[in-house]
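Undergrad: Please arrange chain B on chain A, whose structure you already have, making use of the hints.
Just so you know, the protein sequences line up as chains A and B, in that order.
My numbering runs 56 ahead of the 1-based position in the first sequence.
My numbering runs 47 ahead of the 1-based position in the second sequence.
Only true hints are included.
Some chain B residues flagged as far from chain A (calculated, every beta-carbon gap over 12 Å):
| id | residue |
| --- | --- |
| 1 | K87 |
| 2 | S178 |
| 3 | L203 |
| 4 | G466 |
So, partial list: chain B residues that the calculated Cβ filter (under 8 Å) puts toward chain A:
| id | residue |
| --- | --- |
| 5 | D59 |
| 6 | S60 |
| 7 | A62 |
| 8 | V65 |
| 9 | N68 |
| 10 | L101 |
| 11 | S129 |
| 12 | C130 |
| 13 | K150 |
| 14 | G151 |
| 15 | E153 |
| 16 | D313 |
No lab work stands behind these hints: they were computed from the structure.
We treat Cβ as the ideally placed atom computed from N, Cα and C, and that holds for glycine.
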Amino acid sequence: MADTEKIYHTIKSKAVNLKAAAEQLPKYPPERRDKMIALMREAAQDIIRLLGELEATPKP
Amino acid sequence: MDKLKILVIEDDSLAREVMANNLAGQAVDFATDKAAAERKLKAGHYDICFIDLLLGENDDYSGLKLIPLAVSKGIYSVVMSSCDTEETIGRAYALGCKEFYVKGNEEANVSAIIARYLQGDGGKKAQAVFSGGFITNDPATRALVTEALKYAATNLPLLILGPSGTGKTTLAELLHEHSGRDGNFVAMNCSAYTEDLLESELFGYKRGAFTGAHENRRGKLAQADKGTLFLDEIGAMSQNMQVKLLKAIEEKSFYPLGADKPEYSDFRVISATLEDVQKLLAENRLRFDFFQRVHGMTITLKPLAQRKCDIFPLMQAFTKGTKRLAFELEAKDYVLAHSWPGNTRELKRFVGLVAAGTQGAVTLETVRKHITPAATPPAAAPEGVTQAYYEYALKHGLAAAVDRFTAGIINHNLSENRGKKAAALAQLKISKRLLYATLAKARTPEGE
Numbered sequence: 057m058a059d060t061e062k063i064y065h066t067i068k069s070k071a072v073n074l075k076a077a078a079e080q081l082p083k084y085p086p087e088r089r090d091k092m093i094a095l096m097r098e099a100a101q102d103i104i105r106l107l108g109e110l111e112a113t114p115k116p
Numbered sequence: 048m049d050k051l052k053i054l055v056i057e058d059d060s061l062a063r064e065v066m067a068n069n070l071a072g073q074a075v076d077f078a079t080d081k082a083a084a085e086r087k088l089k090a091g092h093y094d095i096c097f098i099d100l101l102l103g104e105n106d107d108y109s110g111l112k113l114i115p116l117a118v119s120k121g122i123y124s125v126v127m128s129s130c131d132t133e134e135t136i137g138r139a140y141a142l143g144c145k146e147f148y149v150k151g152n153e154e155a156n157v158s159a160i161i162a163r164y165l166q167g168d169g170g171k172k173a174q175a176v177f178s179g180g181f182i183t184n185d186p187a188t189r190a191l192v193t194e195a196l197k198y199a200a201t202n203l204p205l206l207i208l209g210p211s212g213t214g215k216t217t218l219a220e221l222l223h224e225h226s227g228r229d230g231n232f233v234a235m236n237c238s239a240y241t242e243d244l245l246e247s248e249l250f251g252y253k254r255g256a257f258t259g260a261h262e263n264r265r266g267k268l269a270q271a272d273k274g275t276l277f278l279d280e281i282g283a284m285s286q287n288m289q290v291k292l293l294k295a296i297e298e299k300s301f302y303p304l305g306a307d308k309p310e311y312s313d314f315r316v317i318s319a320t321l322e323d324v325q326k327l328l329a330e331n332r333l334r335f336d337f338f339q340r341v342h343g344m345t346i347t348l349k350p351l352a353q354r355k356c357d358i359f360p361l362m363q364a365f366t367k368g369t370k371r372l373a374f375e376l377e378a379k380d381y382v383l384a385h386s387w388p389g390n391t392r393e394l395k396r397f398v399g400l401v402a403a404g405t406q407g408a409v410t411l412e413t414v415r416k417h418i419t420p421a422a423t424p425p426a427a428a429p430e431g432v433t434q435a436y437y438e439y440a441l442k443h444g445l446a447a448a449v450d451r452f453t454a455g456i457i458n459h460n461l462s463e464n465r466g467k468k469a470a471a472l473a474q475l476k477i478s479k480r481l482l483y484a485t486l487a488k489a490r491t492p493e494g495e
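Okay, chain A solo, but in the shape it has when bound:
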């Protein structure tokens, strides 16, 4: 898989995980909620980083 394809794939994967987590969050017990939000924040930051990498790649 080409690098760009891998970036697309990882963005898609992380976005999907974020969506699933966001759907689960309202039902989460309070004691696990903070951990989940921290993981979601990490995923969001990864997406931002990957989008930066995409911007840096030469345009087709």
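TA: Relative to chain A, chain B alone:
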């Protein structure tokens, strides 16, 4: 039900957290990279393995390479990926994975996968269900329960219909056991409470909420957190209570009596009634919105009279670990001929009585003693046939019962006509031969 042993091979920490939540109730293990996955697959004994294809940002489908190992260990292998090209899907299936799903709808996908796994487990689990959890040999009932089990691992509400004693609570418990939910199975018969009592039982109360509330008490909704709330006889609930419960079901939160803060409970609802739901709705005893919220999938259980093949297997189950029963042929026939209007509840009582009072094989006399005619509904016997005649036919044979019936009619007629045989011949339209043969038999003592 034993917990399923599941290995999730996933490098993303958020995805692992999501899966942990989706697989709550099962024994879940995680591997975050290929090496750890190989170690765990070789050492562990898993039922199901969820495999992410790309393990790390620079990975080259190492998940695919794990499929043959998982398959060789007899593990039900499921690939989950955001990479859903035809080529990848084809390769995964060629390597032996059972299912491939695209990430994005985990909650529904995971539940469905577990249900399919349980169904397809060589029939072993299904067999275990029908010989233990819900005893039935009736093909239609088996199909119904199997269908219901597909929904066990979802959060969809279920409504179980059927007469009293057909196994509604047993089925609800079975569905809870297969739901993968960690919490308790909490059953409640709504018809057993007054409205006030039902409210405090369901929602609980705080100390001082009413006279006699000396301490805080958790209600059934709280007790069923992460579990299943089974509401039997929902038709007995007042409209007011249905509104309150509907709100609690939809919001997963409620106010215990006397509380100023809501409490939260993640419960799944299974409800049941022996009444005709359409009639309950038509009579406004069941609110339409409440019904819509609780009826999800509807399962109608047949009475025992329509699945007589279950009578003896159920008896065996009721006497498991205690005295086993063997029935003489006539006794067996009598048991099968009975309509069991009280269904399994009546059968259980009968088995208890027979087991306690029998030495050796169970005779017809013992069976007749414990199946009282009062327990037989009038509709069970065809018009004109009394229970006494029916029992006589069972004991002495149909020909003897017909003779007895004939003699009864003739004697009654002779008595009305002061013994005039000509009147009997004319009114009953019978031959002289039959009249005299019947009278001769009546003069001969029984047994000669």
